[in-house]
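Student: Here is what each chain is made of, one letter per residue.
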Amino acid sequence: DTGVSQNPRHKITKRGQNVTFRCDPISEHNRLYWYRQTLGQGPEFLTYFQNEAQLEKSRLLSDRFSAERPKGSFSTLEIQRTEQGDSAMYLCASRTTNTGELFFGEGSRLTVL
Amino acid sequence: QQQVKQSPQSLIVQKGGIPIINCAYENTAFDYFPWYQQFPGKGPALLIAIRPDVSEKKEGRFTISFNKSAKQFSLHIMDSQPGDSATYFCAANSPVGGNMLTFGGGTRLMVKP
Numbered sequence: 001d002t003g004v005s006q007n008p009r010h011k012i013t014k015r016g017q018n019v020t021f022r023c024d025p026i027s028e029h030n031r032l033y034w035y036r037q038t039l040g041q042g043p044e045f046l047t048y049f050q051n052e053a054q055l056e057k058s059r060l061l062s063d064r065f066s067a068e069r070p071k072g073s074f075s076t077l078e079i080q081r082t083e084q085g086d087s088a089m090y091l092c093a094s095r096t097t098n099t100g101e102l103f104f105g106e107g108s109r110l111t112v113l
Numbered sequence: 001q002q003q004v005k006q007s008p009q010s011l012i013v014q015k016g017g018i019p020i021i022n023c024a025y026e027n028t029a030f031d032y033f034p035w036y037q038q039f040p041g042k043g044p045a046l047l048i049a050i051r052p053d054v055s056e057k058k059e060g061r062f063t064i065s066f067n068k069s070a071k072q073f074s075l076h077i078m079d080s081q082p083g084d085s086a087t088y089f090c091a092a093n094s095p096v097g098g099n100m101l102t103f104g105g106g107t108r109l110m111v112k113p
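Chains A and B, in that order, give the protein sequences. Here the first sequence is numbered in my numbering, starting from 1 and rising by one per residue. Here the second sequence is numbered in my numbering, starting from 1 and rising by one per residue.
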């Protein structure tokens with residue numbers, strides 16, 4: 001399967017714990033995006049990388065959130081000191097520079113108790 | 001402010017009917033307008049997309065109508081089937097700041113047999 005891969009698919013954690021999600025994009029895609037989707041809503045942009053450089057961050061990305069993409073391959077999204085409001089589906093997507101098609105993974109669902 | 005407004009929030013049609021989902025946008029810099037289909041527990045998948053220099057695009061049973069002057073676009077699903085029951089999101093791409101997609105709020109479609 002050469003699509004966007006995300007894991008874990010589901011994470012249940014207690015408030016205050018740290019969680020990390022991983023995204024493996026389609027191999028030839030140099031742009032990688034993280035979105036957050038809450039129940040019944042459309043995806044909201046969080047951040048994006050071109051190769052290893054993080055070029056844009058949304059105001060939704062508080063100081064407790066950090067994303068990395070070492071070597072321009074896979075990416076991780078870490079949430080520190082989780083809060084119940086962080087409960088959502090975290091979607092990763094990738095695309096090449098010169099195309100509009102954005103391919104999404106199946107998401108990592110976070111539940112904060 | 002970049003925003004995409006989608007309506008209706010939910011839609012029920014009989015098999016064979018033609019559901020129509022509408023979206024409106026404000027930012028005239030948007031340069032690409034995709035529609036995504038999402039099934040429960042899955043990530044969004046690209047369905048069909050249009051660029052603003054075209055007024056209509058058809059792929060199989062799916063048609064996008066685009067009205068640049070009104071800043072509106074819509075998705076029509078011909079001969080709808082129960083398997084089309086899903087949530088549909090319109091989106092708009094901004095060519096600045098990373099080619100970020102801004103999504104509408106979604107339309108939950110149910111096609112009754």
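Just so you know, the hints here were simulated from the structure itself, not pulled from any lab data. It is possible that some hints are incorrect.
Stated by the list, open to error - One side of the interface only, derived from the structure: several residues of chain B facing chain A at Cβ under 10 Å:
hint: 1; residue: P8
hint: 2; residue: N27
hint: 3; residue: A29
hint: 4; residue: D31
hint: 5; residue: P34
hint: 6; residue: F66
hint: 7; residue: K68
hint: 8; residue: A91
hint: 9; residue: L101
hint: 10; residue: T102
As the list claims (entries may be wrong) - Restraint-style ranges between C-beta atoms, simulated for each label pair:
hint: 11; chain 1: A; residue 1: R59; chain 2: B; residue 2: D79; range: 39 to 45 Å
hint: 12; chain 1: B; residue 1: P40; chain 2: A; residue 2: K71; range: 32 to 38 Å
hint: 13; chain 1: A; residue 1: G72; chain 2: B; residue 2: I12; range: 22 to 28 Å
hint: 14; chain 1: B; residue 1: V96; chain 2: A; residue 2: S62; range: 20 to 26 Å
hint: 15; chain 1: A; residue 1: R22; chain 2: B; residue 2: N67; range: 40 to 46 Å
hint: 16; chain 1: A; residue 1: S58; chain 2: B; residue 2: L46; range: 20 to 26 Å
Every value quoted in this text rests on a predicted model; they were computed, and no experiment measured them. Where a beta carbon is used, it is the ideal one built from N, C-alpha and C, also for glycine.
Student: So, for every hint listed, does it hold in this structure?
Tutor: Right, here's what the structure says about each hint:
1. P8: violated (13 Å)
2. N27: Violated, because the Cβ-Cβ distance from N27 of chain B to chain A comes to roughly 14 Å (cut-off 10 Å).
3. A29: violated (14 Å)
4. D31: Since chain A brings a Cβ to about 8 Å from D31 of chain B, closer than 10 Å, the hint holds.
5. P34: holds (7 Å)
6. F66: violated (14 Å)
7. K68: violated (17 Å)
8. A91: With a minimum Cβ separation of about 8 Å from chain A (threshold 10 Å), the hint on A91 of chain B holds.
9. L101: Holds - the Cβ of L101 of chain B comes within 10 Å of chain A, reaching about 6 Å at its closest.
10. T102: With a closest approach of 7 Å, the T102 of chain B hint holds.
11. A:R59 <-> B:D79: 39 to 45 Å: The hint (39 to 45 Å, Cβ to Cβ) holds, given that R59 of chain A and D79 of chain B are roughly 43 Å apart.
12. B:P40 <-> A:K71: 32 to 38 Å: Cβ of P40 of chain B to Cβ of K71 of chain A: about 34 Å, so the range 32 to 38 Å holds.
13. A:G72 <-> B:I12: 22 to 28 Å: violated (45 Å)
14. B:V96 <-> A:S62: 20 to 26 Å: Holds: the Cβ-Cβ distance is about 24 Å, inside 20 to 26 Å.
15. A:R22 <-> B:N67: 40 to 46 Å: At roughly 41 Å between Cβ atoms, N67 of chain B and R22 of chain A fall inside 40 to 46 Å, so the hint holds.
16. A:S58 <-> B:L46: 20 to 26 Å: holds (22 Å)
The structure is inconsistent with the numbered hints 1, 2, 3, 6, 7 and 13, although it conforms to all the rest.
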